[in-house]
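The residues making up each chain are set out below.
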Amino acid sequence: MALIGDLLIQGVQMFIVLALAPLLTGFVRVVKARLLRRRGPPLLQPYYDLARLLGKQVVLADNASWLFRVTPYMVFAATWVAAALVPTFAAGLMFSWSADLIAIIALIASARFFLALAGLDIGTSFGGIGSSREVMIASLAEPAMIMIVFTLALIAGSTQLSTIALIMQMPEVGLRASLALALIALVLVALAENARIPVDNPATHLELTMVHEAMVLEYSGRHLALIDLAAMLKLLLYVSLIVCIFVPWGVAVPDSGPLATLAGLALYMLKLAGGGLALALFETSIAKMRVFRVPEFLGIALMLGLLGTLLRFVSGTF
Amino acid sequence: MNVEFHAGFLAFTLLILAAAAFPLARRDRGPLLVYSLAALIAGIAMLSAAVAAARGVPLEAQLPLGLPGIGMRVRLDALSATFSMIVNLAAAIASLYAAGYARHESEQARVLPFYCLFLLGMNLVLIADDAFSFLLAWEFMSLSSWALVVVHHRSEENRNAGFLYLAMAAFGTLALLFAFGVLAGGEGAYAFDAIRARELGPLAATAAMLLALIGTGSKSGLVPLHAWLPPAHSAAPSHVSALMSGVMTKVAVYGFIRVVFDLLGTPDWWWGTVVLAMGGITAVLGVLSALMQHDLKRLLAFHTVENIGIIYIGLGLALAFEHYNMNFAAALAATAAVFHVFNHCIFKSLLFFGAGAVQVATGTRDMEHLGGLIHRMPATSFAFLVGCVAISALPPLNGFVSEWLTFQAILLSPALPDWGMKLSIPAVGALLALSAALAAACFVKAFGITFLGRPRTPQAEHAVETDRHSLAAMGALAVLCLIAGIFPGVFIDVLSPAVDLMVGARMPVQSALPWLSIVPIAESRSSYNGLVLFLFIAFAAYAAVYAIHRFASNAIRRGPAWDCGYPEPSTATQYTASSFAQPIRRVYGTLVFRARDVVDMPPPGDLRAASIAVSMRDLIWEWFYAPVAVAVTRTADRLNPLQFQTIRRYLAFVFGALVTLLLVIALWP
Chain Y
1 MALIGDLLIQ
11 GVQMFIVLAL
21 APLLTGFVRV
31 VKARLLRRRG
41 PPLLQPYYDL
51 ARLLGKQVVL
61 ADNASWLFRV
71 TPYMVFAATW
81 VAAALVPTFA
91 AGLMFSWSAD
101 LIAIIALIAS
111 ARFFLALAGL
121 DIGTSFGGIG
131 SSREVMIASL
141 AEPAMIMIVF
151 TLALIAGSTQ
161 LSTIALIMQM
171 PEVGLRASLA
181 LALIALVLVA
191 LAENARIPVD
201 NPATHLELTM
211 VHEAMVLEYS
221 GRHLALIDLA
231 AMLKLLLYVS
241 LIVCIFVPWG
251 VAVPDSGPLA
261 TLAGLALYML
271 KLAGGGLALA
281 LFETSIAKMR
291 VFRVPEFLGI
301 ALMLGLLGTL
311 LRFVSGTF
Chain R
1 MNVEFHAGFL
11 AFTLLILAAA
21 AFPLARRDRG
31 PLLVYSLAAL
41 IAGIAMLSAA
51 VAAARGVPLE
61 AQLPLGLPGI
71 GMRVRLDALS
81 ATFSMIVNLA
91 AAIASLYAAG
101 YARHESEQAR
111 VLPFYCLFLL
121 GMNLVLIADD
131 AFSFLLAWEF
141 MSLSSWALVV
151 VHHRSEENRN
161 AGFLYLAMAA
171 FGTLALLFAF
181 GVLAGGEGAY
191 AFDAIRAREL
201 GPLAATAAML
211 LALIGTGSKS
221 GLVPLHAWLP
231 PAHSAAPSHV
241 SALMSGVMTK
251 VAVYGFIRVV
261 FDLLGTPDWW
271 WGTVVLAMGG
281 ITAVLGVLSA
291 LMQHDLKRLL
301 AFHTVENIGI
311 IYIGLGLALA
321 FEHYNMNFAA
331 ALAATAAVFH
341 VFNHCIFKSL
351 LFFGAGAVQV
361 ATGTRDMEHL
371 GGLIHRMPAT
381 SFAFLVGCVA
391 ISALPPLNGF
401 VSEWLTFQAI
411 LLSPALPDWG
421 MKLSIPAVGA
431 LLALSAALAA
441 ACFVKAFGIT
451 FLGRPRTPQA
461 EHAVETDRHS
471 LAAMGALAVL
481 CLIAGIFPGV
491 FIDVLSPAVD
501 LMVGARMPVQ
511 SALPWLSIVP
521 IAESRSSYNG
531 LVLFLFIAFA
541 AYAAVYAIHR
551 FASNAIRRGP
561 AWDCGYPEPS
571 TATQYTASSF
581 AQPIRRVYGT
591 LVFRARDVVD
601 MPPPGDLRAA
611 SIAVSMRDLI
621 WEWFYAPVAV
631 AVTRTADRLN
641 PLQFQTIRRY
651 LAFVFGALVT
661 LLLVIALWP
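The listed protein sequences correspond, in order, to chains Y and R.
Take the first sequence: its letters are residues 1 to 318, numbered as in the numbering used here.
Take the second sequence: its letters are residues 1 to 669, numbered as in the numbering used here.
Okay, chain R solo, but in the shape it has when bound (with noise of 0.2 Å):
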């Protein structure tokens, strides 16, 4: 298999498919059809992405569309071909998801035919090779995932979050124009081939390298570009958030190593500090803004940039390791950061998809009206318990691992001779340690919140198990969190080639170490085995019900809760999402949120209720989005007069701008 086949087929069948889709929309089972045909595509293109990556060296074609005299250029080297069977890994699962879960979607020809698009969309912007297809390809991704976004346009909710995508999208792309722009330079090298081999002066190096970051960061949801995705990715239609949140914030994370570590070559001593700085605090305050939320999916959505930032504090270990020619611990950071984005992928389509369920089996995701589900919806309630052991970074799942390995990166970072990191790593190092201990307990709030307790509402006492369809995806991704975690050597071994081209150098070769334990690299002295922990844990916990149920007790009787003596039925006395959360704001949220908590407790004698009221504020809103949208506001109210000029004024206009071009064009040097 080729590039041709691999981009031609993807384009092939997949527009003919988002075709199909708008008549099949409206036949009972086409949804089913399109959905099982997309699975099949997506399966396909990962295989022949996994036969590209296996055959070791890049693919090249040019295909005859594109820009007139460089055509569009395909290539599938280590990186393209890595990122291909994660994408199209989760892009399989969440078709599958989707063949039962879209029963219950009301605009089937709404979502079919741009969910279509979409997966085409991100497949090419993986195997673009010159600036021009990327772009395009970007575009197309951008586009067709709002489409998606406002799906239940109707609502005034998703219709903001669609405007508020469109506009930072549009703000992304146009960064990834210009930087592109620094890239090829004034004879136009679009090829990316043309890029690598242009030499950069240190200003457009780090301009590109910055344009980069903003038109990615935008993308994946880096603070404090980051507004956007929340609502978006809460908007969409539960397989659709899974893909936005799991895969498209991925394919910007390749954007970023593609334009960075790829075509711009040798990094400057102060990018590492900087792509760090953004990862902590991302990293930070996106799991901090995840607590405060009592809507499932806004929850998952705001993870997913803590998650964002822990991927990038990887990318900036590596690029300041790579900039001191310390190639062993910089593939040992690139591996961290490349294994967290398969990582994230699996698990937070898991989680997604759990609260897709969650959303068809109650009408809601908002938590405070959820609770019990455990009864009701045994295994879609285990699967996504797996999905938040991972997400939390527990042993022995996945995420686990590439959280230690970021670990393991930063205690490589002393031999940095830089005094900036010296500084930064240990306070970015914090914050990631603070981050993974927020996680947990944001899961702990979304399982237990929603999944445990009692029902607080009829809909969540009466909801019922999910279909066929989506148990089958969450238990394919919840066995792969396991496996990714207790084999980490052989996911490892399968990125290697992908972080060898990005940093020139590869960790050993894990999967041939005995028992399968995985030591990233002989200068961190420092070895993790999930295999033996998980056996370890396993024979532990049997040995313990075995010798209790053997010579102890075993004897059960149900009973009232006991509650200290007074349980009280009401079921409103629970523990809701924001009590949860409440030592949490106290601790955190006055300094970020500046989060007040109201009370009015009326004195002794008066009747009235007592009452709480919590005040938050956004302050990255306050600070970077409502000077602009005010800005913008007033710019257009002082430019608004010019619509009702006379004839004379206009050619006036036309006129003046004509000579001011000329005189341009003559005084140009």
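Here chain Y stands alone, though its shape is the one from the complex (with noise of 0.2 Å):
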């Protein structure tokens, strides 16, 4: 009976993110734009935006080898698994064990890596900039990752992330320095990954500073929407990570019956809403930075996160 509860939450968890990661992109775009006293666009719009993009044909650089096929396939595939595995509403995922949070950040690395050889594949020098500047950021923003991931496992004791996301629901877990040097290091490299402002601009397009949207300039049609998709998806994964970690509340623990998943589920929306706000304010009220300010900003990150994890080693009261 567990199995299949289980079975069923991974299976529902699967088509949530799915469905909502799209919501959640409209969502934060629509804030936005009421934030700067612009109507903005529905906020359906990523939906018909991408039914847009699938039912149109592909156009193909001539010199376009299968690896740029294949890519938009592989990309939305590992980000779809990684998003699969952070316990969203429940946190009895069936296959939450096969991968901890060090394989999830690695299967969105290896989405990037493939996402940046496309970059590269038809040789442009608008896909090599992106690449380049891609795999840059990447470089920073994961030893970051690894260093919040270090700290939150020497709080839970666990790297697999239902378990972290129970223990931190525990009251002796409390208010910690490192939880919080943990916590503004995640939003720093949330913002870069998903090439939020000040890292990067999602909307611009033909500018220099452009990172993501120029190593993707080369697709169209299907494949487009695929990468589309994956970013949503990537940007839903982030912020229910923040939310799974550190607002832990209302996350149904395994065998909890159907209502306590429910009202998990309800809840989940809730934080979701709120993280999205959060983004809109935040992305309003700064400006975007020069590519080259960008390691420290990412700097600033991996020494937080290097510090949180020092405290741990130092004391387990921090």
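Since the hints were derived computationally from the structure, they do not count as laboratory data.
Any given hint might turn out to be false.
Said to hold, decoys possible - Ranges of calculated distance between the beta carbons of each label pair, as one might list FRET restraints: (1) Pro-567(R) to Trp-66(Y): 53 to 63 Å; (2) Trp-66(Y) to Gln-62(R): 51 to 61 Å; (3) Met-601(R) to Trp-66(Y): 38 to 48 Å; (4) Cys-564(R) to Gly-299(Y): 29 to 39 Å; (5) Tyr-566(R) to Gly-299(Y): 53 to 63 Å; (6) Val-630(R) to Leu-175(Y): 56 to 66 Å.
Just so it is clear, the structure is predicted and the values come from calculations on it, not from any experiment.
Just so you know, even glycine gets a beta-carbon here, dropped at the ideal spot from N, CA and C.
Reconstruct the complex from the two isolated chains, following the hints.
In structure tokens form, the structure reads like this:
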């Protein structure tokens, strides 16, 4: 019975993350537009965009290789699997033991690896500029993320995300200096990983400061739809990650019945909305930085993560 | 099968093959025959090592060779057998590759005999059971590989690489000689049994450990002893590069494990810290240097330095845990290190094979002259891509598993009671994470610039796919990468007897776990399952492909590249290897390499061409090597007049030396 329940939760989770990801992106766009006193696109615009792109034919560059055509599916699959393994509304995911937080980060790194290769495939300078900047940003964001994982794992005693989420709910964890450092670092990394302001601008084109959009410039049609969807999933993943670790209350524990699961689902939607609101507020209140200021920005995240880990190494009470 | 058979068979067949290789080298099909036989011999040796490993008891023998009194002792215990399996597996596949690759070699007679001797040397190091045989085999391995480095000795670059390699190899052997001298003590107990039985004082044990670290580190490429490695590994023919980078460095790691874990007994508290710090620095400096290269084989060779760093991080953690009797944590760290030894051996060989295939097809290994090879060499590029994903530590391939195990070992280290460790391990963890992320960047560059984009030269445009033997070898290694990634438990179980010998404990049996997942040890409470992850990704990708092609669109139109509306036909507008690395050079290189971009931008109206030049300095060379070179030259100059003395002066020197020696002997306590 427990097995069927877990399998059900896993399946529902996979579809929920897929279904909610464009909504979150649309919500952030709407809030940002309202904050700028624009009317903004409809809330469901990302769904319309995806549907339109999926139906269109693909225009491939003459010299595009098979890697270019495979990459959208690889990126989407890796991101989707990663997003499916983050506990969102219930902790008892069927396959949560198959990949811990380090593996989830590595899955996202795999997606980025293929996307950066695809940026180089056509042999245009825009693709190259995007890829080379993306790997530079990743080379700082990933170690920062690993240090955050260390901090969390040393508090929870495990790198398993479902275990971390359950332990974070316990009152004895309380407020800790290392947790605060990890939270700030994680927010900085999440901004960089999702190509948000101030690191990158998701709404820009034809600008030499762009990173992610330059890398995927040659994509069109269903390929572009998959890559956009993967980017939306990644945003959802990071927001889910932050709320599952730092606001874990309401996540249904295993074997707690359908009512708790439904409550967890409702609460999760609220948390997502809160996360989206915070992101929109932050993005409207800050300017985009030059690309070579990004290392300083991410260096802060790395140092905070390292400091958090050091505190945990030095004493169990921090 | 016993160890006499193993040693005798290898020595006998490989020596005969080396002798026969001289006449065979002139024949048309001679090289094919020699490499096929070498593959067969390596395969048999691998099986014989596997049988020895399966038997579970160490096999010993004494051969009537070597030093009088001790003879030559050989022994196949779990550690030797495990490393023998890894080495001979890689050697067999390298020989298979060479059977095709070597057709393009112009100097067969300079390669074939030394190749056989090189294989023999590496095998003998692994089974030597006394200091004399060990050093003899070690030098054998060094010299035969030196001969392979200078095969194409007419190029100035290769000669310099060979000279530097020879000097560093001699230095390393000297350090090992002293290490064994300290271990054997005044009585000259050179047999490993006798060394194990000796109780060393703390000072002597420390000296032996440091000397062994220097001696083996100089062979495996620990920073700052790595300067010889990239030029030497890239100068040799590609199958030899693969063996030197993928296998010989692992034999050096074996030497370190044998001396420090096996012969020396319980480690001192700070040994782990030293090894960890060196490993961390090696990992980051190695990968940063690799990122700055535009020669494909040099890039791979620098990247070997990084992986050696990761292996030494695992070994350092194991030493620290062992000192504090945390045996299971030590077993986890040691497993991570030994598993990474295996993994690196596999994917680094694969990548060197790919680089060799590219070199044969295009005549160059400079990435700035390549590009677009994915269209001309589809099979090679696929195998190379698998190697790139594996070495970048991305799931579900094998590189990720060993790095994951290392991270899990790091997470157990807050329990260490030692403050130096508490402060240094988080820093090493950050260095390890940094090197993993930079490795991915490095291989995006290596694959992207070489195989993707548009061909930058006619040679790259007209490249053809490589031969069947090479493809078979690369395919086998790519499959191994995948298998070791999705069934890591099986490999961990095979490696565990060696780990048991190192630290006196082993990880729990993994292959019995449900769904073939790996759960390191109870304390870490984490698990990873490559198989489920692989199936999960495959399912998600298949679902996406099916749904989209069935319900949405599957139409494709080919057209010119979009490139924001201004496509530029010249291939020079593509990103090059050095422009790809520019952001990373700017972020890290300004500190590590003192990299400076010198831009010459003429003012408006001036018709000069603008130019940009990058200057980088090799600080390790300037700090460690250049002073030694200057000192040697200066001393040689000073001593030069001694060669132009009269006969009376020489007699006076002889007399003085004699008196001094007699005085020393007389006054010696």
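Could you tell me which of the hints above the structure violates, numbers in ascending order? Failing hints, ascending: 1, 5.
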